Structures are given as structure tokens and as C-alpha cells.
Amino acid sequence: MTAVLDRLRGIPGLHLSPGDEGPLVHGVAPAAVAAPETAAAAAEALRVASAKRWAVELDHGGSPLRLAGRPPERIDLVLTSTRLRALDDYAPADLTASVGAGATLGALAERFGAHGQWLPLDPPGSPDTTIGATVDAAAAGPLRLGFGTPRDHVLGLEIVTGDGRLLQFGGRVVKNVAGYDVVKLVIGSRGTLGLVTRVNVRLRPRPAADRTLTIAVASPDIAVELLKRIRARRVEPAALELHALPADPPGAARRWVVLARLLGAAAAVDEQARAVEQAAAELGASFETTADAPRLWARLAHDEARATVAVRVADLPSEIPSTLGLVQAALPAIEAAGGRWTIQAHLGNGIVRLLGAPDTTHPSAAAESHPTSSPLPSSLMRDWRPLADAIRSARAALAPRRGTVVVAAAPAPLLAEVDPYGPVAGHTLMRRIKAQFDPAGILAAGRFAV
Amino acid sequence: MPIGARTVSRAGMQPGPAARPLEPGLVAALRGVVGHDGVITDPGRLMVYESDGLTAYRVRPTAVVLPTDTAQVAAVLRLLTEAGVPFVPRGAGTGLSGGALALEGAVLLSLARMNRILAIDAANRRARVQPGVVNAKLSRAAAPHGLYYAPDPSSQAACTIGGNVAENAGGPHCLKYGVTSNHILGLTVVLPDGEILELGGAGETAGYDLVGLFVGSEGTFGVATEIEVRLEAAPEAVETILALFDRMDDASRAVSAIIADGLLPAALEMVDREGIRAVEASPYAAGFPTDVAAALVIEFDGPRAGLLEEADRAREICRAEGAREVRRANDEAERVRFWNARKKVFGAMGHLAPDLLVQDAVVPRSRLPEVLARIYEIADRYGLLVSNTFHAGDGNLHPLFLFDRRDEDQVRRVEAASKEVMHACVEAGGTITGEHGVGFDKREYMGLIFSDEAMAVMCDIRRVFDPRGLANPAKILPLRACREWAGPATWIEEAP
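Residue numbers (our numbering), protein chains in the order written: chain H, 1 to 450; chain S, 1 to 496.
Warning: the hint list may mix true and false statements.
As the list claims (entries may be wrong) - According to the in silico footprint, chain S covers these stretches of chain H (three or more CB under 8 Å from chain S):
| hint | segment |
| --- | --- |
| 1 | 32–42 |
| 2 | 287–298 |
| 3 | 326–337 |
| 4 | 386–393 |
What the hints assert, rightly or not - Listed below are several chain H residues computed to face chain S (Cβ distance under 8 Å; list not exhaustive):
| hint | residue |
| --- | --- |
| 5 | Gly116 |
| 6 | Trp118 |
| 7 | Leu213 |
| 8 | Thr214 |
| 9 | Leu283 |
| 10 | Thr404 |
| 11 | Leu429 |
Think of the hints as simulated: they come from the structure by calculation, not from any bench. Because the structure is a prediction, the values reported are computed rather than measured. For each residue, glycine too, the CB sits at the ideal point set by N, CA and C.
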């Protein structure tokens, strides 16, 4: 191992630091962390690692790996894009930019915002979340309703394969059908194919008006009816979220709110807001324009990323009441086993998220308020089986409609009880594709769906 | 895109040797699956399947098989794979890159009989269709629900959703709404060995985006037998503008200025002088002045509130960039006239010359003025007439060369000019195809934009889907790109 570390140390433009300074992946620390300054350095590092069959995790900063995927047995090396932060290749007139994978969404927003443009992606996380991490996880937030997910924004990318080949796919233009769409293959591949080092994105003009309405609804059924009526009025919100607020007082029924984000020309947003308010009034729901909406959206994204357990249940949007019904029916048993649980839904996309955090009123959880530095929050639940059972039965219920239940984040004890992904169509093909990119099988082996 | 006249690329080229007829036993077995009339072997009837929209290349398939559902496709592919016979899936045959040529003795798998819309789910804005459904027919069927299917290739009256998936087709309205791959939610695919896979669907799929990878694979991974698409809500209002320019450069700059101003038109299309003259000489003449250098058709759609203001800003920008005249469509009839100036160009051009070659390339839109100037310069140098009618907002060029294929010298000049145009677009930071696909025609251009290693990876991916190389052989990748294939044995050592 020392000899290999010496070889890595000799690679120009590769910063090597001790593993205890690296990210913990399910509490496992790597032997070393390597941060390349260039894609070429990343390629050389992966050639070395591949030849030695090191276990490698690919990282883009922040802590998205903390509880993602199945726990690794060991990690020899974390290769991180955090020093690949280039923002210089930006063509405002073309509404495109080519940026380093380690560039943060916050830095991008500032750079593009100066030209009245933006990248309309709001994945779980903070402004420190990187574009590399977003692409890696195909992560998207509420704005997916109006603008889609990373696959709809990424025009091209550069990737270093597991065996150190530096490859470019896609391009800088908004239409491109030359060859296979390897870009889409890489988006969401969770670092199992290679380290994304550069991402070319398509930008949009920043809308003049941006307003969020908060609508209190009596039940998820009313929320779906609201969606129907909003659309009948030809309003197309950029985001439409349904959140269950914690019961107050404890034991009372949960309260539901819909958050509708309207973007566009000022006159259009005014008119759309009126239409949404009318639809809400017809349903007897109270509504208000959300004060300080940017902070609210930022807080929701932040909270979602910090969840100790994140379970995503997805079905057709029209099935939201029944999807939520599955989650709610399981909730009492889950809550009785520990943790503090919130429910959020991308109402227009049919995706329900069940998010668990340590119950800070419980004495055993007090040490876990800083999850990145603390030991694993495996004590969130006294018993993980009720949650595992709920995941299994939701999978069975959704299977005929091809809905899915994915555990996006969880500590090891839950993953010992239930598979985080369930059956994956085309799994054999995926494994064969991975073998072409990572012939030595060193990248996140066995951790993710592929 | 419908082209009235014949097209040619490399005149006289006959790709591949003549194929041997299918074994009678195989024909009988195929008829056992799809019925007697589902297999065509009569040479006279096979003639119409010799080429796609790029008619320069002609290869008669050994047979045409017409399945009606997924199970039949799977059974047919099993039989063909067992016999080692390659196959080529084909939609309406409107493709412009020779993608549906039946090379290497391939059987054509026509999806024309798989033309049913299986479901329209208005509440979830989805539809499930068979691949042979015609693009425009889907939008018509969705219209009563206030929905439509956004990608609108110029050939939408004939081309099929299956063909659109194979090519990742575009169209004028992709500027705002994206191309085919942005609208495909799920696929039922049959792999070459007959295995049926359900990809995508209602939920969030774990693992790789195989739907995204399959779209645009030009029939080289297998056959999509059912397609689940996203439908869009019909916009509340539409504003359409026609701007006439005396200088091409001014029109190009107006395109960039409109985008740079923060406007996002639904479509932003350019027609040059030759295009306008051709339309004005056709039954679609709308009384547009034939002495202008270029016209822009600009369309905005969305909520009515604020839409007119957006359109007015675009009109101001056009005037500021030197437009001679800017018109607004006052009603649907006028809107159709504006669009005819754009959509009927290729058909009208057919009356000006015996043969046409339409190219397809993309450049960053800020480079349009210089690249357009370069294209006219190249055409001049070769003594050729070229017309540029294209998706300007996307930077998606379609230079159209007019010529007579009986004149061998002209054919050589068209080929040389066409190649220079392709190089110019790549040098400007662009790509070799924006919506027509690589097919057979553009394989040799792949090396302009991909490294040998990147192409080798594509070969590897193709072999994952099609280890025996039977699905649409000799397409997309130049032969030299594919290294020796070790076969499935290399998969044995996979991590569990």
C-alpha cells in the first residue's frame, strides 16, 4: 500500500491527503483521498488504482456518499473532483457553459445570474452541492416539474473511466445525435462508471417573476384535485410540492400544505397566481403568498439532504393519494420504532419522500446533531423491521403499475433488513456496461444498483 | 423531412454485396409467426424498401417482415438470431441518413402494422403507443384532452414515433421543448436474442438510464415495441412573427440577440433568399418579397398574459438588427402562411433542381453568422447553389445543395462541398448531426468529434445489447472504431 501511495504522490497535479481527512462512507474512512487538479491526473490515478485493484469511491464534495448505497467493506481510495472547479468556459450568448465537476451550484448560480441566466436545478443539498454530485446522482428537486432533471440540462461531459481512459461525450450544442447518448448513461450512474470531471450544461433565461403560494389543504385528495383545477385553468407551475407538517399537538392529524411555485413574465405570474388562488378558494383551502420563498426552498432542500433515512416512493402522479396512503398506513409502526418522520411529495411527478431524522428529544440521539462528523446514526430506530416491512410491502403494491421504492439514504441496519433498490429491469445489461467502463470492478463495487 | 426530389450523397455507391435470399425454411418459420402476408419476399414488392429518405443508397432487403405486437417481434428476432440473419427495424422510411438500409443481407423489420395508440392517460399526461404510430396522429389523438406531443419533425405527417425514438428526432419546436429523448418515459424493447425488457415506467428507476441510452441508438440495440411518451399541455396562446431582412448577417445577429435578451421562443427558424423564392414559385406562395436575403419565423407560446409583450420585444430586436419589415400573424390562417414559408421550402426546392442533398449539422448559435458566410463561400467556390433553411434558435443548420445527379462533375462537387461544410461546423464547436442521425451516411464523420477511444466505448456498449452484431449492422460507427470483441467471456469476472 505504501508503495502505491508513493506512486500516487508522484502524479503531477494530484493532491493526496490522509484518509481520516476524507468523507466517511457509512462510517468507513478511506486509506487515502486524492484530489486531482486536472482530468489527466485523475486518469493516471485511476490507472494505478485499477492495476492494483483498489476499492475506489468517487466523490464530488459535500457529503452525498455519507449514507448512500450499501455500506462498503473497505475503501482504499476516495478520488474527489473538489479541485476541478473551473467556471471560465461560459458563453452567455449561447446559453451554455462547460464547468468543472467540482463547481458548486452556488458558485454557478452567481456566475450565470450575473447574465440573467440560470441552471434550473434545485437538488437536495445546499449551495455547496456540486454539479458533479448532482449529475452523479441525477439529483433533482421541486423544479423538476417545470424543467426536468439533470438529463434535460446536460449537453455533454468528460469522464475518466475506472481504468483511466479520459473520454468526452456529447458536446456544447443543444441538439446532438451523433453516436450513442453516453451522456444519459453516465448521468445517475453514481460513480460506478467513472469520475465525471467536466459537465457542459444548457442554461435558461432567468424568469422575471418568481412567486410561491402556500395552500393549506385538508388531505392529499384535495391536493390532487387542486392540481387538476390548476391545470384546467392552464396554469403550469414550475414546482408543486405537497408536504405533511408534523402533527400539532402530537397525536393530532397531520396538516398538509401545497407549495406552488410560479415562474415567468410578471404579468403571467400575476394572472397564474390569481388562478391558483381561485382554485384553492373553490376547494375551501386557505392560501397566502409565501414570504421569503427562496429561503423556504433552500431550507427544504437542505433538510432533505440531511435526512438520515430517505425513502423515495414513486408512481404515476394521479396515484399520489394511494401512494401517500401506503406511506401513511405504515407510519405509526415506523414512528413507534423511533425517529422523527416527515413526508414530502413532488405532487406533479408522483414522487413521495419519507424522510427520517433522529428524534432529538430522545437522549440517545443527542450526539447525532452533526451527522457528518458524528458516528453513524444507526440508533435512529430501536427496531428497523417495521420500516423494512413497509418498504417491501410498498414494492409489492406498486410493482403491477411499475412504481418503485428506492432507499436513497439509510444507515447499515436498515440495509441489512431490506434491499435499497428492489428489482432493476435490465440489470444484466447494466452490469455488462459497467464491466466495459470499469473492467477491474474497482468503483463502488456492489454499493449501488449496478 | 419530405423532399420532393431525389437525393444523393455519394453517387453510384452500392453499399455491401448483393444478399442471398433467405432459406425457405426460415421464411416458412417467419410466416408461422406473422402470417403469410406478414413476410414479403417478392422482388417487385421489395423494391419500395430499398432506401429511406436518402435515396442515393439503395439496397434491396432479403425480405420484409411485418409483425403486429411485441410477442411477434420477439419470436421473429429469435428466429433470425438463430439463423444468424441480421435485421433492420424500419418506421416510415423518412430518415435522411441511410439508417434503414438493409445492409449485409439484412431482413427489414417493418413496424408499419404496429400503429396503434394503446392508451392516452390525460391525468398523467402520458401516452403509450406502438412504434408505427405516425407522429402527427398522436398529437391529433391527444388534442381532445388539451394535450399534444411536442417533438415535431418536419416529416411529422409521415414519420413514426418508433423512428423518432431510433433517431432521437427533433423539429422546429425543440428550441423550447427539447428533442425526442426529453419526452420518452418508458420503452418496451426486444433485444436481438428475443428477450423482452420493460425500461423506465411510472417510477424512478434505479441503475442506469437505459431509456436515455436506447433513444437515438438507430436500431442497433434492438427494437422498441411499445413507447411511453410525455404529452404537453397545449399552450393557451401563440404569437407568430415573420421578420424580413436585407442581409443574412443581420438575421443571424437577430437570432443571437433574441436569445441573449432572455427570450425563449417556442421556435426560431430561418429561411434564406433561395428558400423564399422557391416557396413563392410554388402553390404555397404567400406574397412574400423575393428580394430579401433572409426571413425569420419566430413563435412564442404559453400563457396569454405577457406573451404579446415578449413577441413585441422580439420584433423590436429584429428592427434594431436591421429588419426591413416585421409582420405579426393576426390569425391562424396568417400563421399557417408564415409557417409554409418555412415548412414547404424543401418540397418547393424540388421544382428548382432535379436533385437535392440536405445536410444536418449544429453550431453554437453565436457562430451562425460566420458559419453561414462560410457555407455560401464554399458553395460559390464549387459553383453550386445552396439554400439554408433551418432551426436557427438551436444553431441546427440544414444546408440544401441543388444539383443534377446525371452530371458526374456536379455530384463530385456536391460531395466535396458537403464535406467542407461538415468540417466547418465541427471547427466552429458544433456537431455532425443534430436530428437526422449518423446512419450509414455519416459514419466517416464520427471521427471528427469523437476520439478513437470514445468510439471504441460505443462499440462495446453496442455489443452489450447485440453481441452477435445482428441489429442494423454497419451503421453509426466506422468499422475501424470497433476493436476485437472478446465476447461474453469477458463478463464472467464481473463483481457480484
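Against the structure, the hints come out as follows:
no.: 1; hint: 32–42; result: violated (count 0)
no.: 2; hint: 287–298; result: violated (count 0)
no.: 3; hint: 326–337; result: violated (count 0)
no.: 4; hint: 386–393; result: violated (count 0)
no.: 5; hint: Gly116; result: holds (5 Å)
no.: 6; hint: Trp118; result: violated (11 Å)
no.: 7; hint: Leu213; result: violated (16 Å)
no.: 8; hint: Thr214; result: violated (21 Å)
no.: 9; hint: Leu283; result: violated (17 Å)
no.: 10; hint: Thr404; result: holds (3 Å)
no.: 11; hint: Leu429; result: holds (6 Å)
In terms of the numbered hints stated before, the structure departs from hints 1, 2, 3, 4, 6, 7, 8 and 9, listed from lowest to highest.
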